[in-house]
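Visitor: Just so you know, the protein sequences line up as chains A and B, in that order. In this text, residue positions in the first sequence follow this note's numbering: the first is 1, and each later residue adds one. In this text, residue positions in the second sequence follow this note's numbering: the first is 489, and each later residue adds one.
One thing to keep in mind: the hints can contain errors.
The calculated lysine-lysine pairs, modelled on DSS-like cross-linking and capped at a C-alpha distance of 25 Å, are [claimed, not checked]: (1) B:495 - A:461; (2) A:29 - A:80; (3) A:362 - A:328; (4) A:387 - A:353; (5) A:374 - A:328; (6) A:432 - B:682; (7) A:64 - A:83; (8) A:83 - A:149; (9) A:58 - A:32; (10) B:570 - B:495; (11) A:461 - B:570; (12) B:570 - A:476.
No lab work stands behind these hints: they were computed from the structure.
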Amino acid sequence: MSQSETEYLEGVASKEYEHGWHTDVESGKAPKGLNEDIVRYISQRKDEPEWLLGWRLKAFRYFKMLMEDEDSYPEWAHLKYVKPDLQDISYFSAPKDKAQYDSLDEVPDELLETFERLGIPLQEQKQLTGVAVDAVMDSVSVATTFKEKLKEKGVLFMSFGEAARQHPEIVREHLGSVIPYTDNYFAALNSAVFSDGSFVYVPEGVRCPMELSTYFRINEQGTGQFERTLIVAEKGSYVSYLEGCTAPMRKENQLHAACVELVAHEDAEIKYSTIQNWYPGNPETGEGGVYNLVTKRGICKGDRSKISWTQLETGSAVTQKYPSVILKGDDSVGEFYSVAFTKGHQQADTGTKMVHLGKNTKSTIISKGISAGKAQNSYRGLVKVGKNAENARNFSQCDSLLIGDQCGAHTFPYIEIGNPSAQVEHEATTSKVGEDQMFYCHQRGLGEEEALKLIVNGFCKEILAELPMEFAVEAKELLAIELEGSVG
Amino acid sequence: MALLEVKNLHVSVEDEDIEILKGVDLTLDTGEVHAIMGPNGSGKSTLAAVLAGREEYVVTQGEILYDGEDLLELEAEERAEKGVFLAFQYPVELPGVSMTNFLREAVNAVREARGEEELGAGDFLKLVRERAKLVDLSADLTKRSVNEGFSGGEKKRNEIFQLAMLEPRLAILDETDSGLDIDALRQVSDGVNKLRSDDRGFLVITHYQRLLDYIVPDHVHVMVDGRVVRSGDKNLAVQLEEKGYEWVREEAAAAA
């Protein structure tokens with residue numbers, strides 16, 4: 001690689017993080033440390049029903065067992081990082097000592113400004129049209145827009161905490177039904193200490209009239225974010241949901257360990273999109289940044305149901321997540337479309353699990369990994385076909401693009417077939433943004449940045465096309481910003 | 489002032505001690521078509537790459553003036569913006585990047601450099617349709633990704649199509665005839681001939697005289713072992729075809 005190109009790519013790799021500021025909001029923060037009292041404290045602050053506290057405590061006791069067993073920490077991923085010190089984290093942080101806001105009038109101005117600065121206006125006159133937003137800062141949901149309008153259709157969209165109080169029967173039935181607290185280390189932790197997240201319920205036959213979106217922001221220093229999201233789509237319903245995430249620049253690592261559960265009943269469809277832009281850490285030293293260790297899983301419970309995960313992952317120092325679909329209903333469909341962009345010292349080990357249980361179930365996996373700088377990017381995916389899953393079909397495609405010569409791309413596909421009628425296809429490619437491609441673009445008058453943007457956008461095109469229209473532009477811009485650098 | 493003046497150009501490969509061009513002299517003016525012929529490994533494509541600004545070559549001696557300006561001071565994209573165009577011997581594929589997108593960026597980059605306004609979508613598409621016709625290229629091809637899944641002939645015609653879109657002052661054709669059957673060769677040549685003009689110069693690099701039956705050059709230069717050993721008019725190409733490269737090679741050896 002030529003000198004100027006190397007310099008440019010170093011520039012790209014060191015582009016600064018845009019959302020690195022923080023808001024000065026007085027916060028009521030729980031003391032650092034993890035113990036039963038903290039779990040009780042969180043539940044009490046959130047004014048939770050007794051059964052929920054009971055569930056948290058069961059999860060906590062299970063997690064305590066895991067903590068005592070050093071081997072239980074998941075270290076199998078292609079990631080190198082210092083394990084977070086779970087006793088050095090505050091598990092609850094509520095802006096201005098208020099654990100819940102009953103109306104927008106109660107929300108302090110600094111908070112509203114924070115979200116406005118992020119491009120998420122919450123005040124009624126400024127709200128984004130066609131998109132209902134739930135804004136979550138640290139452990140608390142700040143506001144949910146268009147709630148009333150959605151209610152007319154019977155769609156429930158609110159913070160998880162609110163749902164636990166107002167619709168305990170739905171929450172209780174589904175909480176932990178897709179991801180039991182015994183599922184894995186971080187799912188157990190989340191189940192014990194989860195803060196706020198979103199809750200969506202779409203009744204039978206209803207097509208949710210707008211995009212639902214949650215915006216997560218970690219603000220407070222030394223806190224973790226442990227949101228819990230639950231989406232239930234009843235028979236024949238449809239919902240499209242998108243989450244976005246940012247965090248201030250902090251020197252220490254912040255832990256984000258979320259759980260997302262999706263339940264799609266007969267003929268229902270859930271489309272879940274993520275634009276993840278947590279602080280990735282200092283691009284030169286690798287210092288700080290968010291540990292994004294997340295469990296996301298959906299179940300296609302009913303026949304002909306469909307769950308589709310689309311993700312654009314550009315942030316976090318460490319990302320480990322495998323949004324999965326359990327294809328239980330016959331003729332159900334699972335999809336996973338992913339772009340994971342790592343640069344600087346970022347590491348990602350991400351992919352999906354498609355578990356075929358019903359007959360004629362179909363899954364599609366398209367994963368695009370892009371690495372620049374000194375980043376490491378791995379695809380890890382499991383396709384499992386149960387013994388009763390007649391005629392299961394899977395198509396997987398994993399493409400990796402390398403920018404520069406100090407980064408890495410890896411692919412770890414796992415395939416377990418229990419039924420001979422299964423058809424599973426896997427394709428993988430790794431390519432390097434070649435000097436030839438760059439030169440071809442230069443020769444047509446395009447500079448380094450324009451050329452790289454074209455090539456990367458071309459590489460991700462089919463994934464970006466899966467994002468809801470309202471966010472596709474944002475996603476493209478985010479990618480462009482990620483690629484921007486000082487041309488040396 | 490000539491459009492292009494190459495003076496005593498010496499070029500080596502980066503990191504290696506191998507000299508490929510050993511003192512090339514060449515003067516080309518607008519309205520002219522110069523052909524460079526020569527056997528494999530004589531340095532023809534290296535000359536094209538150096539003119540276009542490929543970075544793995546190091547100029548150790550000599551200079552290149554383009555419109556009187558030191559071309560070697562300019563980055564590849566600056567040269568393109570100033571009207572230097574290279575039709576690639578092996579056009580590069582850009583997966584997922586649509587021809588339309590690519591060309592729009594390219595055309596607007598060049599227009600901006602010339603101080604012209606960006607082309608609107610309507611005008612742009614009109615221009616695409618009009619110029620695609622010059623090389624019998626289906627306008628549908630512009631919906632596909634750049635060079636991806638194009639046949640060999642389509643790739644070469646696509647290069648000439650881009651030439652037509654970007655309207656350069658100096659067009660360098662690097663073995664545009666290689667891999668083309670006779671029909672495709674005619675299509676490409678027809679396109680080039682339609683693009684000949686008084687304010688544009690062509691440098692046509694080829695192995696075979698065949699192409700020069702269609703694109704008739706004003707001047708022919710023969711390159712052997714990194715030097716232009718003989719220059720003449722179009723008849724030189726015919727002579728070469730009859731006598732082979734050994735003839736000029738021996739002559740060059742005798743002169744040295």
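Visitor: Does residue 32 of chain A sit within 25 Å of residue 58 of chain A, going by the straight-line distance between their CA atoms?
Guide: 21 Å, holds
Visitor: Within 25 Å, alpha carbon to alpha carbon, are residue 374 of chain A and residue 328 of chain A?
Guide: Since the Cα atoms of residue 374 of chain A and residue 328 of chain A sit roughly 40 Å apart, the hinted pair is violated (cutoff 25 Å).
Visitor: Checking one constraint from the list: CA of residue 570 of chain B to CA of residue 476 of chain A, max 25 Å. Satisfied?
Guide: Given pair residue 570 of chain B, residue 476 of chain A is violated - Cα atoms ~30 Å apart, limit 25 Å.
Visitor: Measure nothing beyond the straight line between the CA atoms of residue 64 of chain A and residue 83 of chain A; if it is 25 Å or shorter, mark the hint as holding.
Guide: Holds - the C-alpha atoms of residue 83 of chain A and residue 64 of chain A are around 16 Å apart, at most 25 Å.
Visitor: For the pair supplied as a hint, residue 461 of chain A and residue 570 of chain B, confirm whether the alpha-carbon distance does not exceed 25 Å.
Guide: Distance of about 31 Å is beyond 25 Å: violated.
Visitor: Does residue 495 of chain B pair with residue 461 of chain A here, judged by a C-alpha cut-off of 25 Å?
Guide: 46 Å, violated
Visitor: Within 25 Å, alpha carbon to alpha carbon, are residue 387 of chain A and residue 353 of chain A?
Guide: Within the cut-off at roughly 17 Å; holds.
Visitor: Are residue 29 of chain A and residue 80 of chain A close enough, with their CA atoms no more than 25 Å apart?
Guide: The hint is violated at about 30 Å.
Visitor: Hint check: residue 432 of chain A vs residue 682 of chain B, CA-CA at most 25 Å. Holds or violated?
Guide: 38 Å, violated
Visitor: Sort out whether residue 328 of chain A lies within 25 Å of residue 362 of chain A, counting only the CA atoms.
Guide: Judged against 25 Å, a Cα distance of about 11 Å means the pair holds.
Visitor: Mind checking the alpha carbons of residue 570 of chain B and residue 495 of chain B for me, to see if they're no more than 25 Å apart?
Guide: Holds, at about 20 Å.
Visitor: Would you mind confirming whether the straight-line C-alpha gap from residue 83 of chain A to residue 149 of chain A stays at or under 25 Å?
Guide: Given pair residue 83 of chain A, residue 149 of chain A is violated - Cα atoms ~44 Å apart, limit 25 Å.
Hints 1, 2, 5, 6, 8, 11, 12 from the earlier list are contradicted by this structure; the remaining hints agree with it.
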